[in-house]
Amino acid sequence: MSSLPSSEKMFSALTSQIGLKMQMSTTMLSSGLSLYQKGKTDKAVAAFKQATAYAPDNVDAYNYLAKAYLKQGKSTEAINAYKISLSLDRSQSEIHTELGNVYFSEKRYSEAEASFKTAAQFDPADNLAPYTLGQLYLQTERYSEAENQFKKVIRMTPKDGNVYYALGTTYNKMERFDEAIAELEKAVSLKKDFALARFELGTSYIGLDRKEDAEGQLAILKDLDSSLYANLKQNLTYPKILAFNPANSTFNTFLGAVTPLSFLSADLLPPNSSKDFTMQFQFNSDMDASSVMNITNWSISKASGGEAGLYNNGVTLYPEKEAIISPLPKSVMYDASTYQATITFTIAQNPYGTAVIDPKHLVFKFSGTDIDGKKMDSAADQYNGFKGGVF
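The number in my numbering is simply the position in the sequence shown, starting from 1, with 9 added.
Because the hints were derived from the structure by calculation, they are not lab data. A portion of the hints provided could be inaccurate.
[Stated by the list, open to error] DSS-like, lysine-lysine: derived pairs with alpha carbons at most 25 Å apart:
hint, residue 1, residue 2
1, K374, K311
2, K83, K47
3, K58, K92
4, K201, K242
5, K83, K52
6, K374, K220
7, K231, K195
8, K220, K182
9, K161, K116
10, K80, K116
11, K384, K374
12, K284, K311
13, K58, K30
14, K80, K92
15, K126, K182
16, K76, K126
17, K242, K384
18, K76, K49
19, K330, K311
20, K242, K182
21, K231, K201
22, K220, K384
23, K201, K220
24, K384, K339
25, K231, K220
26, K249, K311
27, K220, K249
28, K182, K200
29, K92, K76
30, K182, K195
31, K58, K76
32, K47, K80
33, K330, K284
34, K49, K92
35, K383, K220
36, K339, K284
37, K384, K311
38, K126, K168
39, K249, K396
40, K383, K182
Use the sequences and the hints to build the structure in full.
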């Protein structure tokens, strides 16, 4: 017969039972991992649940259960599993980060931010939490905070091209294009064939109106990523004035220097008379209607050289007779269905009925934006009759 006291027997039996449950939990965890790796997620979930039932303090079982739930697209269940794991061991910095990622994907940004910050507190040497926190700030347009996080990670991992790319992207969002270029150049030097960084680099050059440099990045992207190539190519397609439509305009731009106003219209024969004229322009893409209809985005000026020629061919014989024209149109209408803008401007006769004008050398220019906010192509934003086309 055993000589052990009954209390010791009970303790021994309890210890044996606990050990058996822990062993069973470990077995179910191992089985679940095997099923998970084979893609049998439903069965893996069942195994991980059994592992937690045998040992409710099995942290690893809850962590893998959360991962399996994520595979099934069950974010709420995954969050709950991660929370139980962290209630058992709050010091798991990696799990705080993983929980933060789930919150991030669910757009629960405040909870994600808190998780990433907690992860960084428990493991200050880990760069993943501050990097992902920077991505959260970037996505939620908290650019200064994103900048600080990415700079922090760069100090930790100065040879990681991804972080320079993230910082460069942040600077692009802040329209600090020169700084973006500096960071993105580091990114592409550290990581070969870095298509995303090349795209952002092209974006920086577009922001600085360095079109040739942007086209250089476009050429590189052509062999790296067809989708990013197409996107950057589209971004490089600036809005243009395609043509002047004389058939839908009342102003004759083909008359030359010292043209009497009466040649434009008999309505301008009487002294002090005035008349409205129109010019219609065809754009190549959908424009921002408010920008087009804003008269301050248009200008009417006398040609001062170059492709536009010289007003009065450079010689004004009767300056006192020159008709005075407002540098801004009277009004602008925009037809979004045809991408056509019609400007209306006024020409006034002098008190003597002798005013003259050089219609051919008047320059009409638009400096607004298209529907995407892109500025005009500087090689196709103005027109005059001397050129006979857009320039």
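Each hint, compared with the structure:
1. In summary, the hint linking K374 to K311 is supported, as the alpha carbons are separated by about 11 Å, within the 25 Å threshold.
2. Simply put, K83 and K47 have alpha-carbon atoms about 19 Å apart, close enough for the 25 Å limit, and the pair holds.
3. Distance hint between K58 and K92 is fulfilled; the C-alpha atoms sit about 15 Å from each other, no more than 25 Å.
4. Only pairs whose Cα atoms come within 25 Å are accepted, and K201 paired with K242 is accepted, the gap being roughly 21 Å.
5. Distance check on the hinted pair: K83 and K52 sit about 15 Å apart at the alpha-carbon level, within 25 Å; holds.
6. Taking the CA atoms of K374 and K220, the gap is near 21 Å; set against the 25 Å cutoff, the hint holds.
7. At roughly 21 Å between alpha-carbon atoms, K231 and K195 fall within 25 Å of each other, so this suggested pair holds.
8. Our distance criterion of 25 Å between C-alpha atoms is met by K220 and K182, whose separation comes to about 19 Å.
9. Our distance criterion of 25 Å between C-alpha atoms is met by K161 and K116, whose separation comes to about 24 Å.
10. Taking the CA atoms of K80 and K116, the gap is about 18 Å. The hint holds against a cut of 25 Å.
11. Taking the CA atoms of K384 and K374, the gap is about 13 Å. The hint holds against a cut of 25 Å.
12. For the proposed pair K284 and K311, the alpha carbon gap of about 19 Å is at most 25 Å, so the pair holds.
13. For the given pair, K58 sits about 14 Å from K30 by alpha-carbon distance, which is consistent with the 25 Å threshold.
14. With a C-alpha separation of about 18 Å, the suggested pair K80 and K92 falls inside the 25 Å cut-off, and the hint holds.
15. Straight-line distance between C-alpha atoms of K126 and K182 comes to about 24 Å, which keeps the hinted pair within the 25 Å bound.
16. Taking the CA atoms of K76 and K126, the gap is near 21 Å; set against the 25 Å cutoff, the hint holds.
17. Restraint check for K242 and K384: the C-alpha separation of about 15 Å stays at or below 25 Å, so the hint holds.
18. Between K76 and K49, the direct Cα distance comes to roughly 13 Å. Compliance with the 25 Å bound is thereby established for this hinted pair.
19. At roughly 15 Å between alpha-carbon atoms, K330 and K311 fall within 25 Å of each other, so this suggested pair holds.
20. A hinted pair counts as satisfied when its Cα atoms are at most 25 Å apart, and K242 with K182 qualifies at roughly 19 Å.
21. Taken as a hint, the K231 and K201 pair is honoured in the structure, with Cα atoms around 15 Å apart against an allowance of 25 Å.
22. Between K220 and K384 the CA atoms are separated by roughly 12 Å; this keeps the pair inside 25 Å, and the hint holds.
23. About 23 Å separates the Cα atoms of K201 and K220, which keeps this hinted pair within 25 Å; it holds.
24. Restraint check for K384 and K339: satisfied, since their Cα atoms lie roughly 23 Å apart, inside the 25 Å limit.
25. Pair hint K231 plus K220 holds up; C-alpha atoms about 16 Å apart against a cutoff of 25 Å.
26. Our distance criterion of 25 Å between C-alpha atoms is met by K249 and K311, whose separation comes to about 21 Å.
27. A hinted pair counts as satisfied when its Cα atoms are at most 25 Å apart, and K220 with K249 qualifies at roughly 15 Å.
28. For the suggested pair K182 and K200, the alpha carbons sit about 22 Å apart, so the restraint of at most 25 Å is met.
29. Distance hint between K92 and K76 is fulfilled; the C-alpha atoms sit about 13 Å from each other, no more than 25 Å.
30. Using a Cα cut-off of 25 Å, the hinted pair K182 and K195 holds, with the two alpha carbons roughly 18 Å apart.
31. For the given pair, K58 sits about 12 Å from K76 by alpha-carbon distance, which is consistent with the 25 Å threshold.
32. Proximity of K47 to K80 is assessed by CA-CA distance (about 12 Å); at most 25 Å being required, the pair is judged to hold.
33. A C-alpha spacing of about 17 Å is found between K330 and K284, which places the hinted pair at or below 25 Å, so the restraint holds.
34. Proximity of K49 to K92 is assessed by CA-CA distance (about 24 Å); at most 25 Å being required, the pair is judged to hold.
35. Proposed proximity of K383 and K220 is supported: the alpha carbons are some 13 Å apart, at most 25 Å.
36. For the hint linking K339 to K284, the alpha-carbon distance of about 11 Å falls within 25 Å, and the restraint holds.
37. For the proposed pair K384 and K311, the alpha carbon gap of about 23 Å is at most 25 Å, so the pair holds.
38. As the CA atoms of K126 and K168 are separated by approximately 23 Å, the hinted pair is consistent with the 25 Å bound.
39. Between the alpha carbons of K249 and K396 the distance comes to roughly 16 Å, so the proposed pair stays at or under 25 Å and holds.
40. Annotation: proposed proximity of K383 to K182 holds, straight-line Cα distance about 15 Å (limit 25 Å).
Violated hints: none; the structure is consistent with every hint.
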